[in-house]
Amino acid sequence: MLKITNLHASVDGTPILKGIDLEVRPGEVHAIMGPNGSGKSTLSQVLAGNDSYEITDGEIILDDQSILEMPTEQRAREGVFLAFQYPVEIPGVSNLQFLRTAMNSIREYRGEEEIDAVSFMKKAKEKIKQVNLDPAFLKRGVNEGFSGGEKKRNEIMQMLMLEPKLAILDETDSGLDIDALKVVADGVNALKSPERSVIMVTHYQRLLDYIVPDYVHVLAKGKIIKSGGKELALELEEKGYGWLGIEDE
Amino acid sequence: MSSTLTFPDVFVNASDALNRDSINTTSPWLLAFRERQLQQLKQCSLPTRKTEDWRYSFRHLKMSDAIAKPLPILSLESSTASSLDDSLVDLGGDLVVFVNGHFAESKSRLPSDASYTIKRFSELSEEEALQVSEGSSSDTSSFPFAAINGACLADGIYISIPKNTKLEKPIQLHFHAEGEGTTTPRVFLIAEQGAEATLVEEFTGATQTELLTASVTDIQLNAQSELRYIRLNTEAEQLSHIGLTQVNQNRDSRFKSFCMGLGGPVRRHDLKIKLLEPGAECSLDGVCITLGQQHYDNHTEIEHISAHCQSDESYRCIAGGNSHIVFNGRIMIHRDAQKTLGAMSNKNLLLTSNAEIDSKPELEIYADDVKCAHGTTIGQLDEEELYYLVTRGISPDHAATILTLGFVNELVQKIPNESIKERTEARLENLIKSAFQED
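Protein sequences, first through last, are from chains A and B.
Mapping of the first sequence onto numbering that gives the first Met the number 0: position 98 corresponds to residue 97, and the numbering continues sequentially without gaps.
Mapping of the second sequence onto numbering that gives the first Met the number 0: position 412 corresponds to residue 411, and the numbering continues sequentially without gaps.
One or more hints might be untrue.
Simulated pairs of lysine to any residue, SDA-like, Cα-Cα distance not exceeding 25 Å [what the hints assert, rightly or not]:
{"no.": "1", "chain 1": "B", "residue 1": "Lys420", "chain 2": "A", "residue 2": "Val117"}
{"no.": "2", "chain 1": "B", "residue 1": "Lys413", "chain 2": "B", "residue 2": "Ser352"}
{"no.": "3", "chain 1": "A", "residue 1": "Lys150", "chain 2": "B", "residue 2": "Ser394"}
{"no.": "4", "chain 1": "A", "residue 1": "Lys138", "chain 2": "B", "residue 2": "Lys118"}
{"no.": "5", "chain 1": "A", "residue 1": "Lys138", "chain 2": "B", "residue 2": "Leu385"}
{"no.": "6", "chain 1": "B", "residue 1": "Lys432", "chain 2": "A", "residue 2": "Lys164"}
{"no.": "7", "chain 1": "A", "residue 1": "Lys191", "chain 2": "A", "residue 2": "Pro86"}
{"no.": "8", "chain 1": "B", "residue 1": "Lys432", "chain 2": "A", "residue 2": "Ala135"}
{"no.": "9", "chain 1": "B", "residue 1": "Lys118", "chain 2": "B", "residue 2": "Phe57"}
{"no.": "10", "chain 1": "A", "residue 1": "Lys191", "chain 2": "A", "residue 2": "Pro90"}
{"no.": "11", "chain 1": "B", "residue 1": "Lys420", "chain 2": "A", "residue 2": "Ala135"}
{"no.": "12", "chain 1": "A", "residue 1": "Lys164", "chain 2": "A", "residue 2": "Leu21"}
{"no.": "13", "chain 1": "A", "residue 1": "Lys138", "chain 2": "B", "residue 2": "Gly405"}
{"no.": "14", "chain 1": "A", "residue 1": "Lys229", "chain 2": "A", "residue 2": "Phe145"}
{"no.": "15", "chain 1": "A", "residue 1": "Lys150", "chain 2": "A", "residue 2": "Glu162"}
One side of the interface only, derived from the structure: several residues of chain B facing chain A at Cβ under 7 Å [as the list claims (entries may be wrong)]:
{"no.": "16", "residue": "His333"}
{"no.": "17", "residue": "Glu383"}
{"no.": "18", "residue": "Glu384"}
{"no.": "19", "residue": "Ile393"}
{"no.": "20", "residue": "Asp396"}
{"no.": "21", "residue": "Ile401"}
{"no.": "22", "residue": "Gly405"}
{"no.": "23", "residue": "Phe406"}
{"no.": "24", "residue": "Ser433"}
{"no.": "25", "residue": "Phe435"}
Here are the simulated distance ranges between beta carbons [said to hold, decoys possible]:
{"no.": "26", "chain 1": "B", "residue 1": "Gln292", "chain 2": "A", "residue 2": "Pro25", "range": "29 to 35 Å"}
{"no.": "27", "chain 1": "A", "residue 1": "Tyr209", "chain 2": "B", "residue 2": "Lys338", "range": "28 to 34 Å"}
{"no.": "28", "chain 1": "A", "residue 1": "Glu112", "chain 2": "B", "residue 2": "Glu383", "range": "27 to 33 Å"}
{"no.": "29", "chain 1": "B", "residue 1": "Lys49", "chain 2": "A", "residue 2": "Gly147", "range": "50 to 56 Å"}
Source of the hints: derived by calculation from the structure; they are not laboratory data.
Think of the CB as a built atom: it goes at the ideal place given N, C-alpha and C, for glycine as much as any other residue.
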C-alpha cells in the first residue's frame, strides 16, 4: 500500500524529516507517536502533498507508484485522506456543496458517473448521524462556527463519505472529550477493512484504547527511533519518552 | 479608445434630439421638468482628474461626442427581439419593458387591477407630476449624469403604491439597449404609508459601438412603508452605465437593497439614502465583479438626518484580470441624529496581481450619541482554504471558483427573490470560472 524510504523533508530550508522508513500494508493500522516538534505533522502534510514542504531525498510509493510528483488533488483521488489537526473554516461554502464536489471529483477521476442528488443526500445524512452531528450542520459553511470537537467529527464524516484507502489522522484526538473521542474511534473502526489502511498521528496513548494499532512507531527529531506492537504505546504512556533518550518538550 | 467628450455642451446641444419622442408632448410639466434639468446641465462641468468624487474612476471616463445622440429605434420583430427575449426573465409579476428608451408595450404586462398605479411620465395627472417634480433628485451639480438624464428625458416610469397596500409579486422593470448613443431611463416610485413592495430594475443589452446608459431612480418611502429593491446592472461588457438611485425615507420606513454590478468600459452606481425621520432603517447589500479590462464604481451615501435611525451596509467586490473596482461608502450622521446605529462593511477579493480595488469608507459624525462601525478588507484567496479543498480531491481551479463564489454567497443567499437568486448564482459561477480559465 504505502512504502516510505529514507524520506527527507524541509521547510524554508530547515530539515524536519531526516530519513523516515515506513511500510504500511493493506488493512493495517499504524500509530505514530512522539514529542512535540518531532516531525509528526510534517509527515502527515508531506503525505497529503502540502507544497510548503520540500522533499530533499527519499521516496514515497503508493500502490507501486511514486507520489512525490503527484499534485495534492490527485493523491486524494488515488485514495489518500488527511484528517487535519486544525481544519479551516470556510464561510460561504456549504458542507453539502463541498462534499458533493469532492466526491464527484474523485468519481470523475475513477471514470465513474456523478452521484445523484438523492443518493448523495441519503449517504450524507447517514454519515453525519454516524459521527453524532446535527444534520443541520450539512447546510452550514464548512466548519463555520464549529467547536473544536465538531470540526474533528466533521473530518471523520468527510472520511466516511470519501472512503479513502489510506486515511491519515493528524492528532485527530487532541482536544476531544471522551465521548467525542469514542465517536471518532467508532468512525475509524467502521471504515477499517482488509483493503484500507490507517496512519494515526497522536501525542497520547488514549486514542489507541479505542482504535487498536497493529504497529506503533516513535518519531523523534525527524526519524523513527523505535517501532513495536500496541504494547509500546502503553510503555510510552507509563514511562514517557525519556527512556528512549529523548525529551518531551 | 476614442476622442474626448466635450461635456456638457454636447449633451445640451443634443438634448432636443435625445428627447425627440416627447418633443411634441402635450404634457407641459414634462417639458418644464426637462427645461429645468437642461438649465442645471448647463451649470455642470465635466469631472476632471481632480474631482474628488471621480478620483479613482476618472481614467475610465472616456467617451466620444458620438455618444450624445439617441439610440436607434429598434423593431421588436427584428433580431433585437431575440436578444431581448434571451435577456428577459419573466418574474411572473407586473412587467414593464423599455427597449432603447421606448416603452415596449407588447413585451410588457401591466397590472390587471388597480391595486397600485404604474404609468408613463407623459400620462401623469397634475398631482402626480407635482410628486415627481418635488421628489426628484435636485442636486445634479454633484452628479451631472443625473442632469443629462433629466435634460434628455424622453419619458419615465411612475409608480405609486397606495396606503397599506402589500404587493406580493415584484414589479419588474427591464431596460434593454443596443446600438450607438445614449439612453436615459428614469423611474419614480412612491410608497404611501404602510405600503410594501419589491422593485426589480434590470439593465441588459449589447453593442458593437459606444453606448451610455444614464439612469435615475427616485424613491420616496412614506411612514412605515417597506421597499425591497433589486438592481441588476448586468449589461454586456461593451456598455457603459452611470446611474443614480436616490431614496428618501420617512418615519419607520424600511429600504432593503441588493445591487449586482458587472463591469464595463465605465460603470458606476450611486445609491444615496436620506433617513429623514425617526425609526427609518435601510440595509444595503451589493455584489460586484469585474474581469479583463472592466471597471465598476460603487458609490453609496447614507445620510442620518434624524434620530433613532439604523443603517446596515455590506458590499463584496471581486476583481480579476486587469480590472478595477471602486467602493466609496459614505455615512454622514447629522447633529440631531442621536441614537443612530450604523454599520458598513466592504470586503474585497483580488483574483490577480494586476487587478485593482480602491475602497474608501467615509464617516462623518456630528452627533455624540451614536454607534457606528465600519470595516474594509482587501485580500486574495486564502492559501489554507484552497489547500484544504484540494486535499479532498477538488482541482485547484475548481477550488478557487468555489471559494470565490463562497466569498459573495452570504449576500447572494439574501436576495429576496428565488428566480433572481438562482440566476445570479449561475451567472456568478460562469463569470468566476472564466476568470480562472483566463489565467
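Each hint tested on the structure:
Our distance criterion of 25 Å between C-alpha atoms is met by lysine 420/B and valine 117/A, whose separation comes to about 23 Å. For the given pair, lysine 413/B sits about 30 Å from serine 352/B by alpha-carbon distance, which is inconsistent with the 25 Å threshold. Distance restraint check for lysine 150/A and serine 394/B: the Cα-Cα separation of roughly 23 Å lies within the 25 Å cut-off, and the hinted pair is therefore satisfied. Using a Cα cut-off of 25 Å, the hinted pair lysine 138/A and lysine 118/B is violated, with the two alpha carbons roughly 44 Å apart.
With a C-alpha separation of about 20 Å, the suggested pairing of lysine 138/A with leucine 385/B holds against the 25 Å cut-off. Distance restraint check for lysine 432/B and lysine 164/A: the Cα-Cα separation of roughly 31 Å exceeds the 25 Å cut-off, and the hinted pair is therefore not satisfied. The hinted pair formed by lysine 191/A and proline 86/A meets the criterion: a straight-line CA distance of about 23 Å does not exceed 25 Å. Between lysine 432/B and alanine 135/A, the direct Cα distance comes to roughly 29 Å. Violation of the 25 Å bound is thereby established for this hinted pair.
Our distance criterion of 25 Å between C-alpha atoms is broken by lysine 118/B and phenylalanine 57/B, whose separation comes to about 36 Å. As the CA atoms of lysine 191/A and proline 90/A are separated by approximately 32 Å, the hinted pair breaks the 25 Å bound. Under the criterion of a C-alpha separation no larger than 25 Å, the hint pairing lysine 420/B with alanine 135/A is consistent with the structure, at around 22 Å. For a cut-off of 25 Å, the pair hint linking lysine 164/A to leucine 21/A stands: about 17 Å separates their Cα positions.
At most 25 Å may separate the alpha-carbon atoms for a hinted pair to count; lysine 138/A and glycine 405/B meet this at roughly 13 Å. Among the hinted pairs, lysine 229/A with phenylalanine 145/A is inconsistent with the structure: their alpha-carbon atoms are about 33 Å apart, more than 25 Å. With a CA separation close to 18 Å, the supplied pair lysine 150/A and glutamate 162/A stays within the 25 Å bound. A hinted interface residue such as histidine 333/B counts as satisfied when its beta carbon comes closer than 7 Å to some beta carbon of chain A; here the least separation is about 35 Å, so the hint is violated.
Interface restraint check: glutamate 383/B against chain A, minimum CB-CB distance 5 Å, threshold 7 Å, status holds. For glutamate 384/B, the suggested interface contact is upheld, since its CB lies about 5 Å from the closest CB of chain A, less than 7 Å. Using the Cβ-Cβ criterion of 7 Å, the hint placing isoleucine 393/B at the interface with chain A is satisfied: the shortest such distance is roughly 5 Å. For aspartate 396/B, the interface hint is violated, since its Cβ never comes within 7 Å of a Cβ in chain A; the closest pair sits about 10 Å apart.
Interface restraint check for isoleucine 401/B: the shortest CB-CB distance to chain A comes to about 6 Å, inside 7 Å, so the restraint holds. At its closest, the beta carbon of glycine 405/B sits 3 Å from a beta carbon of chain A; the interface hint therefore holds under the 7 Å criterion. At its closest, the beta carbon of phenylalanine 406/B sits 6 Å from a beta carbon of chain A; the interface hint therefore holds under the 7 Å criterion. The interface hint given for serine 433/B is broken, as the beta carbon of that residue sits about 18 Å from the closest beta carbon of chain A, more than 7 Å.
Taking 7 Å as the C-beta cut-off, the interface hint given for phenylalanine 435/B is violated, the closest approach to chain A being about 14 Å. Between glutamine 292/B and proline 25/A the C-beta distance comes to about 55 Å, which lies outside the given range of 29 to 35 Å. For the pair tyrosine 209/A and lysine 338/B, the beta carbons lie near 56 Å from each other, so the given range of 28 to 34 Å is not met. Here the CB-CB span from glutamate 112/A to glutamate 383/B is close to 32 Å, well matched to the stated 27 to 33 Å.
For the hinted restraint 50 to 56 Å between lysine 49/B and glycine 147/A, the CB-CB distance of approximately 54 Å keeps it satisfied.
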